[in-house]
Amino acid sequence: MKTSWLFYIAALLFTGLLSYIHLNTDLFYGIATLVVMTTLATRYRNQVNIVHIITVIFLFTIIEFGLFELIDIYMREEPPYKKNFMVYLMHFFVDVSILLILRKRVMYSLLFMRRFHPNNWRAIYITHADILLYGIYILFIIVDSAAFVENLFRNMDYIFGVSEATAKPFWSWNWVYKSYPYAKSILLSCVVTILLATIFVENQRPEQEDDDEDDNDEVIHKTDQQQKP
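Residue numbering for the sequence shown follows this note's numbering, starting at 1 and increasing by one per position.
One or more of the hints may lead you astray.
To be verified - Derived pair list, reagent style SDA-like, types lysine to any residue, alpha-carbon separation capped at 25 angstroms:
#	residue 1	residue 2
1	Lys82	Leu12
2	Lys184	Lys168
3	Lys184	Leu59
4	Lys82	Asn155
Said to hold, decoys possible - Simulated restraints, written as ranges between beta carbons of each label pair:
#	residue 1	residue 2	range
5	Thr25	Ala123	33 to 39 angstroms
6	Gln204	Leu110	34 to 40 angstroms
7	Asn203	Pro169	41 to 47 angstroms
8	Ser163	Gly16	44 to 50 angstroms
9	Asn120	Gln204	32 to 38 angstroms
10	Arg43	Lys104	22 to 28 angstroms
11	Lys168	Thr55	34 to 40 angstroms
12	Asn46	Trp173	45 to 51 angstroms
13	Thr25	His128	39 to 45 angstroms
14	Trp121	Ser179	39 to 45 angstroms
15	Asn24	Phe65	51 to 57 angstroms
16	Gln204	Val162	56 to 62 angstroms
17	Pro79	Ala123	50 to 56 angstroms
18	Glu164	Leu110	52 to 58 angstroms
Hints listed in this document are in silico derivations from the structure and should not be mistaken for laboratory results. Keep in mind it's a predicted model, so treat the numbers as computed, not measured. All C-beta atoms, glycine included, are put in the ideal place defined by N, C-alpha and C.
With the hints as constraints, model all of the structure from the sequences given.
Below, the structure written as structure tokens:
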């Protein structure tokens with residue numbers, strides 16, 4: 001029990017550290033995250049489930065970076081509300097795409113393994129990361145949706161052409177806008193922490209399974225002895 005609590009505390013501290021680094025480095029943190037995920041996938045390539053999860057997140061992170069750069073290039077002269085509109089929408093669709101894939105991740109992994117590694121399909125199962133990341137990306141979508149809707153309300157006079165008198169009460173709506181970088185940083189840090197924690201847990205699995213098999217063999221052996229006349 002003591003070890004479990006220490007592990008949880010270490011995970012929380014690590015998440016806080018990653019959030020702080022992300023807020024102060026931004027792009028560098030994103031590149032560093034990609035490097036870390038690539039290293040993990042290479043180092044623990046025997047953990048097929050983790051490799052598949054990391055691959056999905058890695059690919060969509062690259063897509064997200066690319067789309068963000070395109071928005072920055074082609075909308076550089078546009079007013080901020082239009083740029084924010086596209087950025088929030090892009091983040092929303094990327095996070096929804098990851099969520100939908102994570103929801104069926106085991107099925108996709110089984111299809112892949114049966115096609116390319118048919119003898120190893122039993123290695124596919126639901127990990128802690130599948131469950132926890134599904135919840136994290138639901139939170140991502142909630143944050144993206146809140147920021148998107150707030151941007152619409154705050155700029156309704158430009159977007160929808162309503163009168164200034166109607167739109168003015170909403171000009172001060174910037175709670176999500178101000179907290180958006182912090183929320184995204186915390187959630188992104190949770191993603192990395194969950195991946196690392198799951199790798200740690202999965203590394204303990206083989207030893208536990210071996211112990212269970214030894215116990216089962218011992219029980220069977222004792223049963224056979226009792227059945228002998």
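| Taking 25 angstroms as the top limit, are the C-alpha atoms of Lys184 and Leu59 close enough? | Between Lys184 and Leu59 the Cα gap is close to 18 angstroms, so the pair holds against 25 angstroms.
| query | Between Arg43 and Lys104, does the beta-carbon spacing fit 22 to 28 angstroms? | reply | Holds - the Cβ-Cβ distance for Arg43 and Lys104, about 26 angstroms, lies within 22 to 28 angstroms.
| Is the straight-line distance between the alpha-carbon of Lys184 and that of Lys168 25 angstroms or less? | 28 angstroms, violated
| task | Confirm or reject the claim that Gln204 and Leu110 have a C-beta distance inside 34 to 40 angstroms. | result | 24 angstroms, violated
| request: Take the C-alpha atoms of Lys82 and Asn155, compute the straight-line distance between them, and say whether it is at most 25 angstroms. | output: With a Cα-Cα distance of about 9 angstroms, the restraint between Lys82 and Asn155 holds, given a limit of 25 angstroms.
| message | 32 to 38 angstroms was suggested as the range; check whether the CB atoms of Asn120 and Gln204 agree with it. | response | With a Cβ separation near 21 angstroms, Asn120 and Gln204 fall outside 32 to 38 angstroms, so the hint is violated.
| field | Distance restraint evaluation - Asn203, Pro169, Cβ atoms, bounds 41 to 47 angstroms | value | 55 angstroms, violated
| said: Holds or violated: the 39 to 45 angstroms window for the beta-carbon distance between Thr25 and His128? | reply: 28 angstroms, violated
| said: Does the beta carbon distance between Ser163 and Gly16 stay inside 44 to 50 angstroms, or does it fall outside? | reply: Holds: the Cβ-Cβ distance is about 45 angstroms, inside 44 to 50 angstroms.
| request: Using the Cβ atoms, figure out if Asn24 sits within 51 to 57 angstroms of Phe65. | output: 19 angstroms, violated
| said: Would the hint linking Lys82 and Leu12 be met if the CA-CA limit is 25 angstroms? | reply: Roughly 36 angstroms between the alpha carbons, so the hint for Lys82 and Leu12 is violated.
| That 56 to 62 angstroms hint for Gln204 and Val162 (C-beta), does it hold up? | Once the Cβ atoms are compared, 58 angstroms apart, the range 56 to 62 angstroms for Val162 and Gln204 holds.
In this structure, the hints that do not hold are numbers 1, 2, 6, 7, 9, 11, 13, 15, in rising order.
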